[in-house]
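Participant: For the sequence shown, position 130 (counting from the first letter as 1) is numbered 130 according to the UniProt record's numbering, and the numbering increases by one without interruption.
Since no wrong hints were added, every one of them can be taken at face value.
BS3-like, lysine-lysine: derived pairs with alpha carbons at most 25 Å apart:
| no. | residue 1 | residue 2 |
| --- | --- | --- |
| 1 | Lys62 | Lys295 |
| 2 | Lys295 | Lys74 |
| 3 | Lys74 | Lys62 |
No wet-lab data here; the hints were simulated from the structure.
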Amino acid sequence: MGESEAVLAECVASYLDRNQPTQQDIVNEVEERFSAINAARREAGKPPLPQPSARTVRRRIKALDPFEVEAQRKGIESARRKFGFYEEGLRADYPLQRVEMDEWLIDVASMFGESGALDGLPPEARAMLEVGRRWIYVALDCATRCVLGFRIVATPNTEDAIRTLHLITQDKTALAEAAGCQSRWEQAGGLDILVTDQGSAFAAEHFRMTVVDLGCTYEAPPAGVPKLRARIERLFRTFGQQLAPTLIGRTFGNSVERGDYPSEKWAALTDDELAQIFTLFIVDIYHNTPHSGLKGETPANAWKRLSAEQGLTPPPDANTRRAVFGLPHTRKLDRHGVRVCGINYTCPALQDAFLRGLTGEISLRLDPEDLTHISVCIGHEWVSAQAVPRAVWGLSLDEWQSIVQELRTRFKSEAVLSEEIIRKARKKIRAIDARARQLRRVQPTKVADGALLRAEKQLFLGLRIGPDKTAATGDLDQPKGRKRPGPDDLLGDVIKSNTPVGPAPTGSAATPSTTDEEWDFND
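Make a model of the complete structure from these sequences and hints.
Facilitator: Pasting the structure below:
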């Protein structure tokens, strides 16, 4: 943060005091603070900090939230009396009855990348990275003013708008804990009415069909009537007035306010740092701050009170959530079910469909956060199918790809991975990746949905999972119950085996097992 900006913000905040200092008192305080700081800097041989003018100080004070000013200077009850009808907008009586969603260009210049990848770079190297402003999608509950989800994105787009919609239906406490929050982020459920503007991301058919599939009503009020989406607009002002001034690289609302502040030059925050900052501000600060639109009640308390009094619409079940938000794919059905990313999935409905002669392509949806189940479309109904190998239960797609990549490097000639090895690998990855995996839920998407199809054709080609003590456990000379796989079974065009493949064993071991444990079927 620029030191001058930090000092000014601290002085302006002192206006919010029960002793009710005047604006002139704050102007005098700013002059005294900067005089003392600059005297010390001169003695240390440093250049003085630019001192804000009295006009700038008064403008910053006037930009403070009126309700907060009244509440901090004269008390909550005084603020409730004064602002009883402040910012009413369209009425919402219970949580998730009406949800407003919009996009906003963040008032902070940042570096486009993840901090982990930049930590070792010297300042001059970091300065060469691409710098600019990210966008943020936010969903806000109108009745309680709780934020139900957000995503930081490179540019507005339909896919990230849908991902924000998905977060509305999920408890986000694990994400909050990963960001270091002290409060829970449990606000979630099934929504009744979703309200957006008429931006291109929201106008897209894919977005609107997703809203319909969730079973809620969609509204897009005409442009130029801000009171129809007053609450989300005020939240963005809160971000701009209370959060952005505390961050280095602030861009300000216009060129007059910005002056000669070098926003791009001072950009230092990265995507994961922005994600953590917004999560901390929303969950620990905004949700626990008295709100003018709630007559002094905090959003978190309003959620607790109204959900207890009115109840909540339950979120969609896991199968519906996957069918609506999951990655789309198609696979062929055979007697073992369907194989996705080297994992066999089955369920009674798939078995019955196979017995009835349905052997063509099956539409399915995969949740990249949990590979335990997929949703498959049989007829016009989505049903849940479970992964056969328990070793992959609870894994995300990213974790599974990392495991397969690591194990295929170690066992280059094997197309069968044992569950025991998968369990050991997943423990290592979970320990490293747990916190970052949560924060990625609200960061710019690094991999497009089409990556699943590419991974199917490359990383997972020919892969299957066998029981313990099979090929990948190291028992390669005499694998029990199956022939040794050849190099063509495992990315033959990418990974070459240096060991010639010996003849298949004779006797009982020459006939591969046909039990369900083998899970051996071709795509």
